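The primary structure of each chain is shown beneath.
Number of protein chains: 2
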Amino acid sequence: MRTVIGIDLGGTNARVAKVTEDGQILQVVSAPSHALEGTEKVMDNLKALIRQIKGLDEVIGIGIGVPGPVDTVRGVMTMATNLPGFENYPMAQEIEREFNKPTYVDNDANVAGLAEALVGAGKGYKIVYYMTHSTGVGGALVVDGKVVSGKNGYAGEVGNIIVTSEGEKINHLNVGAAENVFSGTALVKLAQKELDPKITSAKAIFDLAQEGNEKAIKMIDDMAYHFALLCSAIGHVVDPHVFVIGGGVAKSHAFYFDKILSNYNNLVHVGMRNPLFKRAELSEPGIVGAAMLPISHGK
Amino acid sequence: MRTVIGIDLGGTNARVAKVTEDGQILQVVSAPSHALEGTEKVMDNLKALIRQIKGLDEVIGIGIGVPGPVDTVRGVMTMATNLPGFENYPMAQEIEREFNKPTYVDNDANVAGLAEALVGAGKGYKIVYYMTHSTGVGGALVVDGKVVSGKNGYAGEVGNIIVTSEGEKINHLNVGAAENVFSGTALVKLAQKELDPKITSAKAIFDLAQEGNEKAIKMIDDMAYHFALLCSAIGHVVDPHVFVIGGGVAKSHAFYFDKILSNYNNLVHVGMRNPLFKRAELSEPGIVGAAMLPISHGK
Numbered sequence: 001m002r003t004v005i006g007i008d009l010g011g012t013n014a015r016v017a018k019v020t021e022d023g024q025i026l027q028v029v030s031a032p033s034h035a036l037e038g039t040e041k042v043m044d045n046l047k048a049l050i051r052q053i054k055g056l057d058e059v060i061g062i063g064i065g066v067p068g069p070v071d072t073v074r075g076v077m078t079m080a081t082n083l084p085g086f087e088n089y090p091m092a093q094e095i096e097r098e099f100n101k102p103t104y105v106d107n108d109a110n111v112a113g114l115a116e117a118l119v120g121a122g123k124g125y126k127i128v129y130y131m132t133h134s135t136g137v138g139g140a141l142v143v144d145g146k147v148v149s150g151k152n153g154y155a156g157e158v159g160n161i162i163v164t165s166e167g168e169k170i171n172h173l174n175v176g177a178a179e180n181v182f183s184g185t186a187l188v189k190l191a192q193k194e195l196d197p198k199i200t201s202a203k204a205i206f207d208l209a210q211e212g213n214e215k216a217i218k219m220i221d222d223m224a225y226h227f228a229l230l231c232s233a234i235g236h237v238v239d240p241h242v243f244v245i246g247g248g249v250a251k252s253h254a255f256y257f258d259k260i261l262s263n264y265n266n267l268v269h270v271g272m273r274n275p276l277f278k279r280a281e282l283s284e285p286g287i288v289g290a291a292m293l294p295i296s297h298g299k
Numbered sequence: 001m002r003t004v005i006g007i008d009l010g011g012t013n014a015r016v017a018k019v020t021e022d023g024q025i026l027q028v029v030s031a032p033s034h035a036l037e038g039t040e041k042v043m044d045n046l047k048a049l050i051r052q053i054k055g056l057d058e059v060i061g062i063g064i065g066v067p068g069p070v071d072t073v074r075g076v077m078t079m080a081t082n083l084p085g086f087e088n089y090p091m092a093q094e095i096e097r098e099f100n101k102p103t104y105v106d107n108d109a110n111v112a113g114l115a116e117a118l119v120g121a122g123k124g125y126k127i128v129y130y131m132t133h134s135t136g137v138g139g140a141l142v143v144d145g146k147v148v149s150g151k152n153g154y155a156g157e158v159g160n161i162i163v164t165s166e167g168e169k170i171n172h173l174n175v176g177a178a179e180n181v182f183s184g185t186a187l188v189k190l191a192q193k194e195l196d197p198k199i200t201s202a203k204a205i206f207d208l209a210q211e212g213n214e215k216a217i218k219m220i221d222d223m224a225y226h227f228a229l230l231c232s233a234i235g236h237v238v239d240p241h242v243f244v245i246g247g248g249v250a251k252s253h254a255f256y257f258d259k260i261l262s263n264y265n266n267l268v269h270v271g272m273r274n275p276l277f278k279r280a281e282l283s284e285p286g287i288v289g290a291a292m293l294p295i296s297h298g299k
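From first to last, the protein sequence lines stand for chains A and B.
First residue of the first sequence? That's 1 in the working numbering, and the numbers climb one at a time after it.
First residue of the second sequence? That's 1 in the working numbering, and the numbers climb one at a time after it.
Do not take every clue at face value.
You can't tell identical chains apart in this list, so a pair holds if it fits in one copy or across any two.
Unchecked claim - Subject to a maximum C-alpha distance of 25 Å in a straight line, what follows is the list of computed DMTMM-like cross-link-like pairs (lysine to aspartate or glutamate):
#, residue 1, residue 2
1, Lys278, Asp71
2, Lys126, Glu96
3, Lys198, Glu87
4, Lys189, Asp44
5, Lys126, Glu87
6, Lys123, Asp22
7, Lys41, Glu194
8, Lys189, Asp71
9, Lys101, Asp22
10, Lys189, Glu94
11, Lys251, Asp44
12, Lys189, Asp144
13, Lys47, Glu194
14, Lys193, Asp57
15, Lys169, Glu211
16, Lys189, Glu281
17, Lys123, Glu166
18, Lys41, Asp258
19, Lys215, Glu194
20, Lys198, Glu211
21, Lys123, Asp196
22, Lys123, Asp207
Calculated directly from the structure, the hints in this document are not laboratory data.
All values derive from a computational prediction rather than experimental measurement.
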């Protein structure tokens, strides 16, 4: 079976893996990414990690997931908050020259979505919408096994879609943006105010709801409504065959995926009702999805 | 140059054209569609029109645009309000058998979007988002020259996306749905209340604004804001290279496209600012776009 290099380059760590085309991880090496020490150091470190992969000659290509929007045609990040200096840096080109393998870059949410679409919960479906429900809210559109990354790499930045006219300006996002309404961070903040100042995780809210706490139940109902509102906007744009939802909060899927679906059905045309809402399946979507980039480009 | 048959099958008329692969119309024949007289009559009528096309043997395929959502894999309408009996009717299959040409069906907004993407204002751009601003509000996503039609054919039904929490339940759409807020119909209704009960067209509102009528100016400002809000939702999902806007209201583009853009820029991430907003270019997007269906499928 063909093999590919998948790289998860974050602000803290760099992880490089050899992955089969059906998503099995054969080897992983990792090291700190040295993000604050300049692009040369980061790239030298990455190349050294790649050289540690056994049977490097056989791999058919290299994929890199990075934390920020990417111009996938040029293979460069268009914003690089967590990797200073990498805005417009020809990362793909440099790795491609060094190893003489076709190399692709995309952002971490997109590669996670690609992994789920090709070898995870979305496998076999034509249009997969992947969402992360975690400290933030993000997404990725995969059509016919290819990520739709967008002109500036911002396709999937659905956390900035407005889902309520209420709320305050919190960060660089819109007032009432999905991420500020129902991300893990937003839920904890609200729970500290409404339920208990000691709450530090979304899971604690689900636990209280399970115990019958009415305020916690109401919080989850509201979250599911706003989550469904975001999904309905996505649905009217791309009408996916399946929504695949990953991220830490989604571990509690049993408490709210059904609620998202029932709200969704009330917010879309009759013929759009009952799409699949599935929990993400992969434990390592970052490196597996990066490895899928060359595959999805037909290499 | 290769030629294709493009068909615009509406509830009132059926139009059949021979079109070159670069979008030039060589011949058009038309007749009432007999939509209320049953599927057999409609199909017989359509076949008779197709037989009137000169040089039918040479055409490489047939495309049909219909008024309603389509399952493009099966080539059937999934809802057929204006063509009774055609829900799940194997239209593409029947035409394909009769004429022995590859035949594709998609809804009218999607084929118009495809026309603009391949041979109109969106030509040369990777991701085109086409919108109609007319009696209704609709859209279509074209990626790499192919329509993304969706699981149930509802991709592009953006008129149902919620853009305000205000408003009343008017029809089958959501309260605060884009179409009920800023379609031509919605604008006229509001203008009759706010400006002059005799107003019957969106153009009259633009005329009043040009004369300095402050209420009319405010209406256009509000419309542009809500239009931008819808575009920002679409932008965060697919980050298109260009928005192409067609439809009757868009004839007055000089009065509001700039306003959409300035609002859009305030509703998206900095790196997403200033996408192209272009007016649709084609005078016959329906039949040209239908003809582009076999082309976009690589036939």
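**Request:** Measure nothing new, just compare the shortest in-copy and cross-copy C-alpha distances for Lys123 and Asp22 to 25 Å and report within, between, both or neither.
**Result:** Close inside one copy (11 Å), not across copies (36 Å); limit 25 Å.
**Prompt:** How do Lys251 and Asp44 come out at 25 Å by Cα distance, when the copy is not named: within, between, both, or neither?
**Reply:** The answer is neither: 37 Å in one copy and 55 Å across copies each exceed 25 Å.
**Asked** Is it within, between, both, or neither for Lys193 and Asp57, if the alpha carbons may be no more than 25 Å apart?
**Response** neither (56 Å within a copy, 73 Å between copies)
**Asked** Given a CA cutoff of 25 Å, do Lys198 and Glu211 count as a within-copy pair, a between-copy pair, both, or neither?
**Response** within (17 Å within a copy, 60 Å between copies)
**Request:** Evaluate Lys215 and Glu194 at a C-alpha cut-off of 25 Å and name the case that applies: within, between, both or neither.
**Result:** within (7 Å within a copy, 42 Å between copies)
**Prompt:** Should Lys123 paired with Asp196 be assigned to within, between, both, or neither, using CA atoms and 25 Å as the limit?
**Reply:** Neither. Shortest intra-copy (41 Å) and inter-copy (56 Å) distances fail the 25 Å Cα cut-off.
**Message:** Checking an output row: Lys189 and Glu281, CA cutoff 25 Å. Within, between, both or neither?
**Reply:** neither (28 Å within a copy, 49 Å between copies)
**Request:** Tell me, please, which holds for Lys41 and Glu194 at an alpha-carbon limit of 25 Å: within, between, both or neither?
**Result:** neither (47 Å within a copy, 64 Å between copies)
**Asked** When no copy is named, should Lys41 and Asp258 be tagged within, between, both, or neither for a Cα gap of at most 25 Å?
**Response** Answer is neither: 47 Å inside a copy and 45 Å across each miss the 25 Å cutoff.
**Request:** Can you give me the call for Lys169 and Glu211, within, between, both or neither, at a CA distance of at most 25 Å?
**Result:** Close neither inside one copy (33 Å) nor across copies (37 Å); limit 25 Å.
**Prompt:** Can you tell me if Lys198 and Glu87 fall within 25 Å by alpha carbon in one copy, between copies, both or neither?
**Reply:** Neither. Shortest intra-copy (39 Å) and inter-copy (56 Å) distances fail the 25 Å Cα cut-off.
**Request:** Give the relationship of Lys101 and Asp22 under a CA distance limit of 25 Å: within one copy only, between copies only, both, or neither.
**Result:** within (19 Å within a copy, 37 Å between copies)
In summary, the numbered hints that this structure violates are 3, 4, 7, 8, 10, 11, 12, 13, 14, 15, 16, 17, 18, 21, 22.
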